[in-house]
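Asks: Chains A and B supply the protein sequences, listed in that same order. Mind the numbering: the first sequence is residues 100 to 243 in my numbering, read in order. Mind the numbering: the second sequence is residues 40 to 458 in my numbering, read in order.
By construction, these hints were calculated from the structure, which means they are not laboratory data. C-beta: ideal position from N, C-alpha, C; glycine also. Mixed in with the good hints, there may be bad ones.
Simulated pairs of lysine-lysine, DSSO-like, Cα-Cα distance not exceeding 30 Å [to be verified]:
(1) 230(A) x 139(A)
(2) 222(B) x 144(A)
(3) 336(B) x 144(A)
(4) 337(B) x 222(B)
(5) 204(A) x 222(B)
(6) 186(A) x 169(B)
FRET-style restraints, in silico, Cβ to Cβ [what the hints assert, rightly or not]:
(7) 190(A) x 222(B): 51 to 57 Å
(8) 184(A) x 221(B): 52 to 58 Å
(9) 223(A) x 408(B): 42 to 48 Å
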Amino acid sequence: MKIRYLAVVIFSTLFVADLKAQVKKPIHHSNTAVSVARGKIVYGKICLACHMADGNGVPMMNPPLVNTTYVLGDKEKLITIVLNGFKEDVEINGQTYSNVMTPHKDLTDQQIADVLTYVRHSFGNKASAVKVSDVKKVRVAGKG
Amino acid sequence: MKMKKLMVLLLPVFGIIGLIVFNACKDAPASFSKAVASAGLTLPEGFNAVAIAENTGSPRHMVVTPENDLYVHLAGNKKGKSILVYHVDGDKATLKSNFADFGGTGIAIKDGYLYASDNTDVFRFKLNSKNEVANPDQPERIVTGLLSRRMHEPKAICLDNDGNIYVNIGAYSNICSDFDPDKKGCPILDSAAGIWQFKANKPDQHYGDGVHYAWGLRNVVGLAWNQQDNQLFVMQHGRDALHDLFPQFYSVHQSAELPAECMFAIKKGDNAGWPYVYYDWMQHKNMLGPEYGGDGKKGADPKYIDPVAAYPGHYAPDGLLFYTGNQFPEKYKNGAFIAFHGSWNRAPEPQAGYCVVFQPFKDGKPDGKWEVFADGFAGANKSPGGAAHRPCGLAQGPDGSLYVSDDQHGTIYKITYKK
C-alpha cells in the first residue's frame, strides 16, 4: 500500500510538473516578442552549437554573448559579424576567445534581425531589437 | 492487478531513472565494480582520491620525480611563474618552488633534464642529482618557431629512449575548409596537423632541423611513449560540426557522437588522414570526410592508418599515460589512462567526457573495452564553462600513485589504491 501511495505521489508530481511546463505564459503580441520567438529557432539551429544554450560560449574558444558590448553595443558591427563571420582573437572580460566564426550571408535579413533580437533579449541581456531594415542597410552597404 | 497498475504508474519513473543512469557517462561500457566517492570523484572500489592542491592556476601536464617532487606546467603564469614544484608527502603537497615565465602544456623529464614547451618553443632545464632544477633562470631553448595560430596552439611533448623529443603541432583549423576551398588538398599539412621529431639535446632547432614524423593529426594533446613496444602513441581530438556543415548526411545525434576521438599507434611516416578522413566508432570504420566527397557511408582510402582504439565524439583527450606502477591491481599494469577534458561540441545533446578513462592493454596494444576510471569532475554542471573541474594532465608517482590535474579551477588530485 505504501509503495502504491509513493508511486502515485511520484507520478502526480511528474504530471503536475509537466502540466506546469505546458501552461502558456501570456504572450504580448508585440513585434519584438514575435521576433524573439522566431529568433530562438534560428539560434537553436545556427548558433547554439558553439555559443551554447545559455549564451555563455566555451572558454578560450567561443565567446559568450552575455554582458558584452559586442552584443549589446553597435548594431551595425553586430550585424556585420553575423554576415561576414569573425576571424580575430577577441577579448571579453579578461578572457581571450579564438575560434573562427563562419559567415552567415545565407540567412535572410529577417532571420538575422530575429536571431539578433533574440540574443539581445536573452541570457540576461536587455538591448533594443534589430530590425530587418537595419540588416538590409548593412548588407546593401557592402559591409556585410 | 494492483501490481500491474503500479508498474504502469512507475514506468515513467523507471524511464527517467534509466535515462539518468544511462547519461552518467554516456556510452561507457558497463562497469560492475563498485564505485566509491572520493574528493568528489567516483572511483572503482579500493581506490581513493585526495585533492592535494587547489587553486593552483590552470595546471596542464605534470611529471613526478623519484623524490616525489611534482612539476606542474600552468597554461599561463601564476604570480609571474609558469612551472610549480610541489613536494608530495602522502596526502600533503607543499609548494617548494616556482620558476619559468612561459605558460604552456608540455612537460617531461628524461636523462637528467626537465623539458617544457610553450605554444611555439620547447625548452629544457638541467636537473641536479636530486632531480631539482639547478638554474631555473637559464632554460636552454631546444626548438623554436613552431606555428601557433589561435587554434590548437599547445605543443604537447614526449621523449623516446634514443635521444629524440616528439612535439605536436595542431592544425589551426577545424577541417581546413578555410584554407582549401577548392578541395585541391589541404595546404597547411606541411607545417601543422602532425607530430615532429627533434633531437632532445640540440639547441634552437627549427622545422627544417626536425623530422615530420606523423601526418594528418588534427590536434594531439595527450601523447606518450609506450615502453613495451617502444612506440609513440597519440590521442587525436576529432573534428567538429558534421551536422552543422552537412545536415543532409548527419543527424544532430550522429554529430554529437562522431567522429571518434582516436588513439593511434604511430610509426614514422604514418598519416592519420585529417582533414580527408575521420573515424566512425559506431561503424568501426575509417570514413571519407564529407568535405572531400564522403556521405557518412563511404570508407576512407586505406593508405590512412586506422586508430588502435576509439572513443565517443568530442570527449577531448588531453592526457595520456601508460601505467607502469605496482600499486594498482594487475589489470592496470601497462594499460593506458586517458584524461578527457570534456566536450563542448555535443549541444544540443548533453555534454560528455569530463572523466579519466582506463584502456586495458596487452603486449603494447589496446586489448578489450575501455572503462571510466574516475568520474564526477564536472559536478552538477557538465558544460565547458560551468564544470567544477576538467581533467587535463596525468602523471605517475614513484610509488605508483596517479596524479590528475584540473585546468578549470586548478585542483590536483592524487589517486591511490589500497587492497
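Asks: Decide, hint by hint, whether the structure agrees.
Replies: Here's how the hints hold up against the structure:
no., hint, in the structure
1, 230(A) x 139(A), "holds (15 Å)"
2, 222(B) x 144(A), "holds (26 Å)"
3, 336(B) x 144(A), "holds (24 Å)"
4, 337(B) x 222(B), "holds (17 Å)"
5, 204(A) x 222(B), "holds (21 Å)"
6, 186(A) x 169(B), "violated (48 Å)"
7, 190(A) x 222(B): 51 to 57 Å, "violated (34 Å)"
8, 184(A) x 221(B): 52 to 58 Å, "violated (19 Å)"
9, 223(A) x 408(B): 42 to 48 Å, "holds (43 Å)"
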